[in-house]
Amino acid sequence: MSETRTLLTDTADRLFTDLAAHPDAPFAEVWPSIAEAGFESLLLGEDEGGFGGDWGDLFAVARLAGSHALAAPVGEAAVAAWALTRAGLTPAEGLATIAPAVDGCVENGRFTGSLKATPWGGAAQTVVATHAGSLLRLQTTDCRIESGHSPVGEPRDTLTFEGAVAEAAPSDIDLLACGAFLRTAQIAGALDAALAASIAYANERVQFGKPISKFQTVQQTLAIFAIEAAAVNSAGQAAARAADAGVADFEFAAAKLRANIAAGQGAALAHQVHGAIGFTQEHPLHRLTRRLAGWRSEFGSDRFWAQRLGRRVAGLGPDGLWPELARRSDAA
Amino acid sequence: MSVQTATNPSTATRRFDPLARKDDLDAFRAEVRAWLEAVVPADWRARMTGASEADYVAFQRWWFAEMGKVGLATPHWPRDWGGADIGIRHQVIIFEEIARAQAPNPDMFVISLYHLPATLFGNGSKTQRDRYLTGVKERGEVWCQGFSEPGSGSDLASLRTRAERKGDVYVVNGQKVWSSYGAFADYCLLLARTDPTAPKKQAGISYFILNMKAPGVTVRPIRQATGQAEFCEIFLDNVEIPVSDLIGEENAGWAIAQSTLSAERGLIIFELSERMARTLDADLADAKRTDAAWLKDDEARRAFTRAYNDMVALRLMIRALMQEIETDPHMGSTTMPTYIKVHFSELLRRYTEFRLKLGGLSGQLRQPIILGGGHQTGNAMHDFLLSYAWTISGGANEILKTMIAERALGLPR
Ligand SMILES: Cc1cc2nc3c(=O)[nH]c(=O)nc-3n(C[C@H](O)[C@H](O)[C@H](O)COP(=O)(O)OP(=O)(O)OC[C@H]3O[C@@H](n4cnc5c(N)ncnc54)[C@H](O)[C@@H]3O)c2cc1C
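Protein chains in written order, with the numbering used here: chain L, 1 to 332; chain Z, 1 to 413.
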């Protein structure tokens, strides 16, 4: 764990709180303050001009972004910068993001194909993608941008390239898994925030002459919710520890699958406790819950990660699972 | 908006009359089908995608009028009150065919079609029934429901909107909230307190017909998380309601409200369940035709099969309810509607979630909404988010489960 995490999370919390006060501010006004705070270079070493942070730091920051329903690719930019540096590619110019889904091929250093539903793809100058054992660095000046939106209205753009110059380097970085880690952290934060909002609302809302938090059904709903949120936070933090210790593909997969399941449960429980008021645009709850609904299918759906994990676990054989789990949790 | 009525010129001249064929179920079905094929505009979904509110309202009115022309706007009402006097099997056929044709949902008229008649059938005066049921059937009057208030949701009996008798009128002051279609409504089913001193809160409530155009009524639309401004706040400032628009006796409103709520929890789901059945069958057929990957995925198969079972059970519950209503058109029991609402809302949540998952990454991208598409807009994220409303509206599921425990199962309070 980095020494300066408290400093980092204080800065992030303050900045994201300010930004959350203007949820509809244009991105061009939001991003400069985030860039200025240096979150993009969070994972870069101090000698590389970065913050020298680890995956635990990234988890903490992305978690806060999630809890404030921040509409900005903080984690994507940090992972993009880190991946480019690790692979020895040219650093990003301006905003860099990562592509969740790559469909295409590279020939003679040129990429033809499309990057689907890329977070802030249209706003970014540089896009980093994983393709056939390589890391690709692409410039959005070379592509056609078809803008799309997440359920809450964040950009998820499809970028189509036609023989565009692609810097490439062999790399074992799995950007899909990294993106899954980011979404896990955001889901963890959004669940905690939705839980806190639900508890506060239940204590405040009076029906039948008492706060609805006095009804056992509501209490149990909140208790189940708390368990879900805690599970995602634990799984995400364990994944961060594993990444800081070495290879974490198993943990990233398990954490995202757990987060997906909790996102579905948590959003439903939050709405149930809030009643009709939570179903309005004026109430801020939907900023969290619509994100939760969208993040669930980004960077690997339930089925995707369940299959990947399932194959791997089955491959360990009848005597292999327990020692493997023990080895991993001992290391963490 | 110009509404193209006939999509097929050769049938445009023919007059359809399904009710004339009601003695022969097959002929009845064939006529309903032929009518739908001729009348439902092939492009209505495209036209209602991201449509303006004015276009939506015009289209709803047009569709309701078209249904009325063939006597199918209010087929489930008793004949004396403007209905078609047909049995359950006919009604099933109508909704099956409507679902099959993917016809628009007349959702703006839901209160007019279900809540209003359920309220007036057993409790309204003859004058009220003649005036207001005819108004729906012949003039397409839109109704909304003014039950909930900012401080009174689950605890409806605590409502504070006040109605005071002054000569020939009641003077009403207060505020209602979450009234669906309130912005388009001509009338409102209104609950207000007439006796604030009654020892039991329930005993001081009366049931009124409120003219939404009356002086002192202000409506403010509230936008939902899905983007639609479906429900409204209604502010009542010294609004005068003629004594003739009191439904039933003064202070007897609570019991009458139970009839309204029975319709809201039961019969209202009839059309929705037929549409849902259609969606499940279509999804399955599509998957088989395209050899979809989920057909070989154990978990997806289980989720689908469970939804399918639940859908079959839902349809059977609706039929049981309709049999109850056929024997006792005024009321029926309140138990079955409560079961139906809890069952439907939970099934809807699970199935819309299943479809969202099948859609993968592209399924979760935001698309414009199809107005009047109900829960089968094909926009998986919208349909899923809308399912959050169903475990709350018409009585939160927690409250309904307590009702089942206490009233149906006789468990201690
Ligand atoms: C889409 C939509 C359309 C609607 N349309 C209309 C309409 O047309 N007309 C109208 O009058 N109303 C309408 N409503 C309002 C609806 O009837 C209320 O939302 C509902 O009764 C719940 O009330 P509430 O929202 O105030 O939630 P609350 O009553 O505040 O409940 C919040 C939470 O607390 C729980 N809770 C409350 N009391 C208890 C208890 N005793 N035991 C256990 N749990 C409890 C509830 O189950 C819920 O989970 C609509 C609502 C929605 C969402």
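The set of hints was computed from the structure by calculation and includes no laboratory data.
Just so it is clear, CB atoms sit at the ideal spot from N, CA and C, and this is done for glycine as well.
It cannot be assumed that every hint is accurate.
Here are the computed distance ranges between Cβ atoms for each label pair [as the list claims (entries may be wrong)]:
1) L:Ile224 - Z:Asp286: 43 to 53 Å
2) L:Gly94 - Z:Gly227: 49 to 59 Å
3) L:Arg110 - Z:Asp291: 33 to 43 Å
4) Z:Pro196 - L:Val206: 10 to 20 Å
5) L:Ala132 - Z:Ala30: 53 to 63 Å
6) Z:Ala408 - L:Ile224: 57 to 67 Å
7) Z:Pro221 - L:Gly45: 50 to 60 Å
Incomplete in silico selection of chain L near chain Z, CB under 8 Å [as the list claims (entries may be wrong)]:
8) Thr112
9) Ser147
10) Phe208
11) Gly264
12) Gln265
13) Ala293
(request) Under 8 Å, Cβ to Cβ, is where Ala293 (chain L) needs to be relative to chain Z, so tell me if that hint holds or is violated. (result) holds (7 Å)
(message) Let's test the interface hint: is any C-beta of chain Z closer than 8 Å to that of Gln265 (chain L)?
(response) It is violated, given that the least Cβ distance between Gln265 (chain L) and chain Z is near 11 Å, above 8 Å.
(request) Given the range 33 to 43 Å, decide if the beta-carbon distance of Arg110 (chain L) to Asp291 (chain Z) lies inside it. (result) holds (35 Å)
(message) Can you tell me whether the CB distance of Pro221 (chain Z) to Gly45 (chain L) sits inside 50 to 60 Å?
(response) The hinted range 50 to 60 Å holds for Pro221 (chain Z) and Gly45 (chain L), with Cβ atoms some 54 Å apart.
(request) With a cut-off of 8 Å on the beta carbons, see whether Gly264 (chain L) makes it to chain Z. (result) At 7 Å from the nearest chain Z Cβ, Gly264 (chain L) passes the 8 Å test, so the hint holds.
(request) Double-check Phe208 (chain L) for me: the hint is only fine if its C-beta lies closer than 8 Å to a C-beta in chain Z. (result) holds (5 Å)
(request) Classify the hint on Ser147 (chain L) as holds or violated, based on whether any CB of chain Z lies nearer than 8 Å to its CB. (result) Not OK, violated: Ser147 (chain L) not within 8 Å of chain Z, min 10 Å.
(request) Identify whether the interface hint at Thr112 (chain L) stands, where standing means a beta carbon of chain Z within less than 8 Å of its own. (result) violated (21 Å)
(message) Given a hint of 53 to 63 Å, does the C-beta separation of Ala132 (chain L) and Ala30 (chain Z) actually sit inside it?
(response) The hinted range 53 to 63 Å holds for Ala132 (chain L) and Ala30 (chain Z), with Cβ atoms some 58 Å apart.
(message) Range first: 43 to 53 Å. Now tell me if the beta carbons of Ile224 (chain L) and Asp286 (chain Z) are that far apart.
(response) violated (35 Å)
(request) Given the hint of 57 to 67 Å, check if Ala408 (chain Z) and Ile224 (chain L) actually sit that far apart at their C-beta atoms. (result) violated (25 Å)
(message) Assuming the hint says 49 to 59 Å, is it satisfied by the Cβ distance from Gly94 (chain L) to Gly227 (chain Z) or not?
(response) Hint violated: Cβ distance 32 Å, outside 49 to 59 Å.
When held up to the earlier numbered hints, the structure conflicts with 1, 2, 6, 8, 9 and 12 and fits the remainder.
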